[in-house]
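Protein chains in written order, with this note's numbering: chain P, 1 to 520; chain E, 1 to 352.
Quick caveat, the hints were computed from the structure, so don't treat them as lab data. Each residue gets a CB set at the ideal place from its N, CA and C atoms; glycine is no exception. A few of these clues could be false.
Quick list of the computed label-pair ranges, beta carbon to beta carbon [as the list claims (entries may be wrong)]:
#1 P:98 x E:63: 22 to 30 Å
#2 E:344 x P:337: 41 to 49 Å
#3 P:127 x E:127: 56 to 64 Å
#4 P:26 x E:152: 50 to 58 Å
#5 E:154 x P:70: 32 to 40 Å
#6 P:276 x E:153: 48 to 56 Å
#7 E:135 x P:29: 51 to 59 Å
#8 E:153 x P:117: 43 to 51 Å
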Amino acid sequence: MAHHETLAQRVVDPVLEVVDATVRFPGVTALDEVSFTLLQGQIHALVGENGAGKSSLIKVLTGVYQPDGGEVRYGGQPVRFDDPAAAQRAGISTIYQEVNLVPLMSVARNIFLGREPKRLGLIDYREMNRQAAAVLDRYGIGLDVTAPLRSLGLGVQQMVAVARAVSLDARVVIMDEPTSSLEAKEVETLFRVIRLLHEQGVAVVYVSHRLDELFAICDEVTVLRDGRTVHTGRMGDLTKASLVAAMLGRDLAAAKQRQGTTHREIDETPPVLRVRGLQRTPVLHGIDLDVRPGEVVGLGGLLGAGRSETARAVMGVDPVDRGTVAVDGTEIRRGSPGAAVGAGLVLLPEDRRNEGIIPNLSIRDNIVLAALPRLSRAGVVSDRRADELVSTFMRRLGIRASGPHQKVRELSGGNQQKVMLARWLCLQPKVLILDEPTRGIDVGAKAEIRDLIDELAAQGLGLVLISSELDEVVEGSDRVVVLRDGRIADELAGDVVTEAALLQALAGRAIDLTEAAADG
Amino acid sequence: MSGSDVGSRDLPEGPPRASPPLPPALDEPTVRATSVRPGRRERLAGALQRNVSLGLLVLVALAATLAFPDFASRANLSNVAIQNALLALVAVGMTFVIISGGIDLSVGSVFALGGVLAGLGSAWGPVVALLLPLLVGLAIGAFQGLLIGRARMAPFIVTLAGLLFARGAALAISDQLPMPIQGEAARMVGQSGVAGLAYPVFIALAVVGSGAVVLNRTRYGQSLFAIGGSEEAARLMGLTVWRSKLIAYATTGALSALAGALLASRLGSGLPTAAQGMELNAIAAVVIGGTLLTGGAGTMSGTLAGVLLLGIIQNLINQVGNLGSYTQQVVSGAFLLVVVVVQRYLTREQRL
């Protein structure tokens, strides 16, 4: 990291600063007096788990949001960017996770859109193509600039986005998860470009949850959690484990002290869910997973490790390149959520508001929805049987509402989640995948949902539990499969299922726990 | 001007822009993108899609010449030209709008209003007879564009309202009667010409030509492709999306009204009931010409070929003689369907 030193000593002026910025939405404080200082030529990592406020901070920096409190300073002066275009004109370029270029247009047209070189008042394509090739060449990217963007791989498209950003004379380049769709070799090229930018005195804000990348490229790091800055300092002063601990808000030393709860050893009954070699380039690489009846398997991993992606691939919601999913030994048709549900596989999605409940329907209608075929005879729904089913589940799951006809949108988050659960339980599934089942619901309801999970397991259901909360995974699971960068990195079973062990597994095996604990 | 410009002007100078010498070019590019070139199949599909209407036009014209000796006669060809020149004017604007990802349903009504206004303005001479419709069409289009671009309302609804409004205005102004064009000079524009072709044909050719240049060789044209291709990306890349849309709809309005005025000049009066359903013919011509209805791709030459294809089919059916105008609609409809199906297939081959 020698190249970082020279510049850090030469230039110390902050180029872009956020001072005590607060961003509020109805009911949520996305940023709570967050401060952030970016020095000229610095490569500054911005990290945090889901909902930590990274995106909000980026939106404040690029003029998408105007802070409700605090201010943004650019070159020492308070500024106000009305939109991304204004920030871009001032020299702040952003590269988004999803490539934001025009797929139908050529590489050169994308790079020069809005500032095409002209000759006699008309666009000079020869000159434009020449300049575009020159920009790309300088950063070590060789390609046909007249090819339409969509004919390129995602990684190369991302490079084109970088080329556009740098050719705009940017002083600050913000990269939001730029490597999420890149191959290892492409990441290498991106890093080379970032180092070149750094040598030219361009500051880079680098958002990623791939720890290796952060340590490889960044000099400074700011960690956000729940809309607050929880750590800021030199990257070199942290270990992976201490960075993960800061992101998750866990005290490493305390985690080590804590005893793991007892976990049942599941005997060698054949697995009810058997996943083999699930491949979805570049997000999932050869995922194997077994779930036995009555077992709760936790999926551990940091944001972006591939937990939800695994759930969606198993269900057939997202297409996969390779791999098999079998329920009770019978392989299910790939890419068909309907077939998965038919086989007894059910997913409670992370985003229940958009992917699950229908807010304007009643509790009864929401529950009965998936079970309609079972409740009807010759296409006519039996009201009596539906009512019986609904009242049974409302009692069993303890859904608190004025009655089965109350609209679901009027319920609390916890009760909405129970309605979703009831809907799928009426299908009498064999395997239930729960993706963040307790997100956004209050403490009491959380405990109820957790008890419910245990109860379902006791009844012989196989469960897969995905949660960002360490204690939830540790206490709720019999076994934890840890994902990292779309691969199975580790598996914890029996007495080893502890918060400390999980933290260690999340950060990567290389770090010794004793050393990590000493840092924390 | 947009408010966003203010932000950048108020901006402090900031730190001195670090402008060291450009980094040396790396010895060897590290990314040699392997998938740079679309496959042969994809390229063929792309070329076919861009030129399918032109190819069909040549085929149909050849077949027509062989089957009907009268088709290639000078009189008939000049007839085809004048009959399609006005649709071509409207279709140029429609091409801009569709490439930007929008649609304009108001063109037929604005066309009729243009004819009526030409009659109204002809009392003050030929210049007013042309300028009045042009300006009113421009204003209607600009207003629609403002609602679509600035208030982000759906083009379908905004221009449907425009369709009702302009037709109503045309009927109200003319009291539902043909509006005579006064003065010989104002009628000359539509009725006379040179080299056996009426003036509107030359106007249409000039507009199609300039349209092609604007589309392909100006920043404005590129902005339309970008907006139609990915509006969000265009906005994030700093384009003033609403302004580009406003200009596209304003152009379409002006051209539609101008075309209406030219027809009125040719017929000697502006009919408030003229050009009913013309918006559908214009959209059909543009789509047959290879422009994606979803926006982001298209050519002016394709649009011209689309207009002529529809026109020649109509001409051929007239030559057969015993087929009514309804048959022509049936054939045009079937033809449009075939072209769209073929395009859909070609689009999928290119994995657009």
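Pairwise beta carbon distance, residue 276 (chain P) to residue 153 (chain E), judged against the given window 48 to 56 Å:
Holds, at about 51 Å.
When you take the CB atoms of residue 98 (chain P) and residue 63 (chain E), is the distance between them in 22 to 30 Å?
violated (48 Å)
Do the Cβ positions of residue 344 (chain E) and residue 337 (chain P) conform to the proposed distance bound of 41 to 49 Å?
Once the Cβ atoms are compared, 26 Å apart, the range 41 to 49 Å for residue 337 (chain P) and residue 344 (chain E) is violated.
Taking 32 to 40 Å as the hint, is the beta-carbon distance of residue 154 (chain E) and residue 70 (chain P) inside that range?
Holds - the Cβ-Cβ distance for residue 154 (chain E) and residue 70 (chain P), about 37 Å, lies within 32 to 40 Å.
Check the following: the C-beta atoms of residue 153 (chain E) and residue 117 (chain P) are separated by a distance inside 43 to 51 Å.
violated (35 Å)
For the hint 51 to 59 Å, verify it against the beta carbon of residue 135 (chain E) and that of residue 29 (chain P).
Check passed, 52 Å falls within 51 to 59 Å.
Could you see if the CB distance from residue 26 (chain P) to residue 152 (chain E) stays within 50 to 58 Å?
For residue 152 (chain E) against residue 26 (chain P), whose Cβ atoms are near 22 Å apart, the range 50 to 58 Å is violated.
Using the beta carbons of residue 127 (chain P) and residue 127 (chain E), state whether their distance is inside 56 to 64 Å or not.
violated (41 Å)
Going down the numbered hints, you'll see the structure goes against 1, 2, 3, 4 and 8, while the others check out.
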